[in-house]
Amino acid sequence: MTVIIRIERLCKSFGGIVVADNFSLDISAGEILGLIGPNGAGKTSLFNLISGIYPADSGAIYLHDKALTHLSMAQRSRSGISRTWQNMRLFSTMSVIENLLVATRLYQGERLFSVLFHLKELKKIDEASREKGFQILKRMNLESLMDASITDLTFGQQKLVGLARALMHDGSCLLLDEPMAGVEGAAYELMGDIVREQAQLGRAVCVVEHNISFVKHLCKTAVFMANGKILERGNIDQLLASQTLETLYFGGQRS
Amino acid sequence: MEYVLSVIVLMGIYIILSTSFNLIIGYGGLISIAHPIFFAIGAYTTGLCSLHFNTFPLVSLLLSGAAAIVFSLMLSLSSLRISGDYLLITSIGFQLGLLEVIKHLGFTGGASGLGNIPNVVIDLDRSGFFAASSVSIALLVVLFIRWILNGPYGLLISAMRDDEVAFVALGRNAMKIKLVIFAIGSGCAGLAGGLYAYYYQYVSPEQFEILQSSMILTMVVVGGMGSQWGPVVGAVLLLFMPQAIGFLNFPPSVMAPLQGLIYSLLVIIFMFLRPQGLLAARKRVQ
Amino acid sequence: MTFEFLLQILWTGVAVASYVVLFSMAFALILKVVKIWNFTQAGLMGASFYTIYICLNYFALPLLPAVVIGYGVTVCAALLFNRWVIETLRARNSSSLTFFILTLVISQFMIYFFALCFGTEPLSLSKNIMSGVHLVGGIVISNWDLQAVGLTTGVLLVLYVFLNQTNMGQFMSAVADNASLAKLYGIDVSRVYIYTFCIAAFLMTVGMYLFGLKVSMIPETPLQMMLFAVIATLLGGIGNIFGAALAAVLLSLIQALSIFVIPSKWQSLILYVFLFVTILFFPQGFSIAKLKSLLQFKRT
Chain A
1 MTVIIRIERL CKSFGGIVVA DNFSLDISAG EILGLIGPNG AGKTSLFNLI SGIYPADSGA
61 IYLHDKALTH LSMAQRSRSG ISRTWQNMRL FSTMSVIENL LVATRLYQGE RLFSVLFHLK
121 ELKKIDEASR EKGFQILKRM NLESLMDASI TDLTFGQQKL VGLARALMHD GSCLLLDEPM
181 AGVEGAAYEL MGDIVREQAQ LGRAVCVVEH NISFVKHLCK TAVFMANGKI LERGNIDQLL
241 ASQTLETLYF GGQRS
Chain B
1 MEYVLSVIVL MGIYIILSTS FNLIIGYGGL ISIAHPIFFA IGAYTTGLCS LHFNTFPLVS
61 LLLSGAAAIV FSLMLSLSSL RISGDYLLIT SIGFQLGLLE VIKHLGFTGG ASGLGNIPNV
121 VIDLDRSGFF AASSVSIALL VVLFIRWILN GPYGLLISAM RDDEVAFVAL GRNAMKIKLV
181 IFAIGSGCAG LAGGLYAYYY QYVSPEQFEI LQSSMILTMV VVGGMGSQWG PVVGAVLLLF
241 MPQAIGFLNF PPSVMAPLQG LIYSLLVIIF MFLRPQGLLA ARKRVQ
Chain C
1 MTFEFLLQIL WTGVAVASYV VLFSMAFALI LKVVKIWNFT QAGLMGASFY TIYICLNYFA
61 LPLLPAVVIG YGVTVCAALL FNRWVIETLR ARNSSSLTFF ILTLVISQFM IYFFALCFGT
121 EPLSLSKNIM SGVHLVGGIV ISNWDLQAVG LTTGVLLVLY VFLNQTNMGQ FMSAVADNAS
181 LAKLYGIDVS RVYIYTFCIA AFLMTVGMYL FGLKVSMIPE TPLQMMLFAV IATLLGGIGN
241 IFGAALAAVL LSLIQALSIF VIPSKWQSLI LYVFLFVTIL FFPQGFSIAK LKSLLQFKRT
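Residue numbers (our numbering), protein chains in the order written: chain A, 1 to 255; chain B, 1 to 286; chain C, 1 to 300.
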């Protein structure tokens, strides 16, 4: 399996707090990797380091063997990093479909020149994008809400739109930050199915989750993280049975 | 009649100024109070071109807009590179600094201003022509900005305003968009400056001080920041205010600070009681 | 250009730096503890000045009572501002855009109010600009110079002791670091803010007192002074009050020494050049490391 994203000896600390401690990891195409660990382990920070919200102190990240170190957040995104956020970060004054339209990796309307002088081509590209967005929303049973305002959606629906936006972005590496938090029922099943489909398409998926059953349901392998370090990596069932996890999550043995 | 026409000319100019400022601060979220300096740059450019080179009026106006855009890039490139928070401070410095420079340069006429700008309207009713031009140009500017905001570029502007981090994480170049918004807004201000110079035939630095910043800010805040027609309403309403207090017949040394006082007070009242302004910004989706 | 002349310029530069230091520290203190860019400072500075002016010229009060009343008015204005404006905006979770615009417009409002009351003629606190002078080694040292340097140094020392040795001073540092954490430890954050504004108002009043004795001013002058304070705050590093003071001294000296390099009519522009250099190259504050990396064109 081709490795899509490779992280090598990443280090990052904020003052005294270490969020990445010589962290190395790689994720291959088609893999759905679960990232679990207690709060403050550095899971979201890892995503932020990959996205480029802040630079690492040392170490490197490679996407398709291309180093991301000197790339800006926007550049990394365009290279193929798609992500969702813990607090969704949807564009609240816009409609659902509009949230998706601005998410395409190459947005032609970004060049004012195109807007002013190539309006016809822009219209064609816009129609194609709309169609793509519509298909994504249809897969999520949200197509009737296409033109609805974000603020009119339920929490679960908003979470799905967040995922839809990341899918619209179409990156080869998909980072999902607690996608299931607060979601239940039909949306839960749907999300799991969609994430599996995306992996089958060849994306490298990494999911940060506290919902262990979702992780078990979805991921074959997982990484257990604490204090910026990988403590265990491997098969999900083995991991869940491990002692270290029990101690760190529950503060001691359960049985 | 003459008087009414002169008010209409001024109204057109201020509609351009308030609408373009609203683009920068209301839509772009760029906190700059230096809008009057681009107005000034446009006015001086037209004045100087007309005085020394007798350029064709439309050409002067275009040059005014272009000059304002160039200067706007000087300000925006330097400040936005770091963080939008610093833009306010640098914009104050930019405005006051450039005004100092203008006051000390010879060819701008220094502190006493640039006069004797040639009259470009001959054989026609001067005031009538200017009133018509002013309103037409204002309408064009408003429609142009509306067209941008309602199109694909406008989508970007809304998204950037809603959540810039998520926006950039989708691969968008927020910096470039801010530079473009700032340039368009400032360019329109420059255009208004050209119009101003041609009508009044006299330009001086004190017409572009902080009082102007207050006035334009008041128009946008009262009219409705981030709404498309709000600034127009703000401009029209606030231009009637000096006329209203003009009847009190105070000496000019009292009129100017009194106007400034009322403008600032209006901004304060509105920001506390009705921050969305008279015409609240509609969401893109109803 | 003699050595004496150079010393004279340096001395006068240091003396003039006194009020700039005070204004800069006031601005830096409020930014550090209350965490707002207090653009209302220009209005408050004006309030100080004009109150002292009225006391001196309309009520014929002696200098000290006039300054005390000036302080009283400034403190009241600052505390009202804190109570009605800052707390309201905080409660509403207003954006920084709102804070910036509102504080700036309130300053403008106050400036227009002063312009309405006092006109735009330059006013001064002293009847005659020339105070007594002494000649020390060929350098002219005026009484004002001595008072300015003495008073400012005294205030700096007291402030240093206060911030580092007293309980309230340490509470202020705690709140500056992390206000919510400080609250959890039982520190009354609103009280800390009140103390901060009281100290800042004191710095502003002393500064305006010195300034008003030396220079005559118009209602807009505090805006320019405040800009100087902002630049010094940035250059000194946000959160570093004494850094801002040092930056203020250095900037004043550079401005004074610039007379050797540029014609006097362009001197006022130095301030704006400083502003751009600071924002462009030292937005996190001046540091030798940053300077070195800039000189080597290294990527920071």
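Just so you know, not all the hints are guaranteed correct.
[To be verified] Here are a few chain C residues that sit away from chain B, every Cβ distance over 10 Å (derived from the structure):
#, residue
1, Phe59
2, Arg83
3, Thr88
4, Ile101
5, Ala115
6, Gly119
7, Leu123
8, Ile141
9, Arg191
10, Phe202
11, Leu227
12, Phe242
13, Lys265
14, Tyr272
15, Leu275
[Unchecked claim] Using 25 Å as the maximum straight-line C-alpha spacing, the simulated DMTMM-like pairs for lysine to aspartate or glutamate come out as follows:
#, chain 1, residue 1, chain 2, residue 2
16, C, Lys35, B, Glu206
17, A, Lys132, B, Asp163
18, C, Lys265, B, Glu206
Derived by calculation from the structure, the hints in this document are not laboratory data. Here a beta-carbon is modelled for each residue, glycine too, at the ideal position from N, C-alpha and C.
These are the hints, each one checked on the structure:
no.: 1; hint: Phe59; result: 24 Å, holds
no.: 2; hint: Arg83; result: 14 Å, holds
no.: 3; hint: Thr88; result: 7 Å, violated
no.: 4; hint: Ile101; result: 7 Å, violated
no.: 5; hint: Ala115; result: 4 Å, violated
no.: 6; hint: Gly119; result: 6 Å, violated
no.: 7; hint: Leu123; result: 15 Å, holds
no.: 8; hint: Ile141; result: 31 Å, holds
no.: 9; hint: Arg191; result: 25 Å, holds
no.: 10; hint: Phe202; result: 25 Å, holds
no.: 11; hint: Leu227; result: 6 Å, violated
no.: 12; hint: Phe242; result: 21 Å, holds
no.: 13; hint: Lys265; result: 5 Å, violated
no.: 14; hint: Tyr272; result: 3 Å, violated
no.: 15; hint: Leu275; result: 4 Å, violated
no.: 16; hint: C/Lys35 x B/Glu206; result: 34 Å, violated
no.: 17; hint: A/Lys132 x B/Asp163; result: 23 Å, holds
no.: 18; hint: C/Lys265 x B/Glu206; result: 18 Å, holds
The structure fails hints 3, 4, 5, 6, 11, 13, 14, 15, 16 (numbered hints given earlier, in ascending order).
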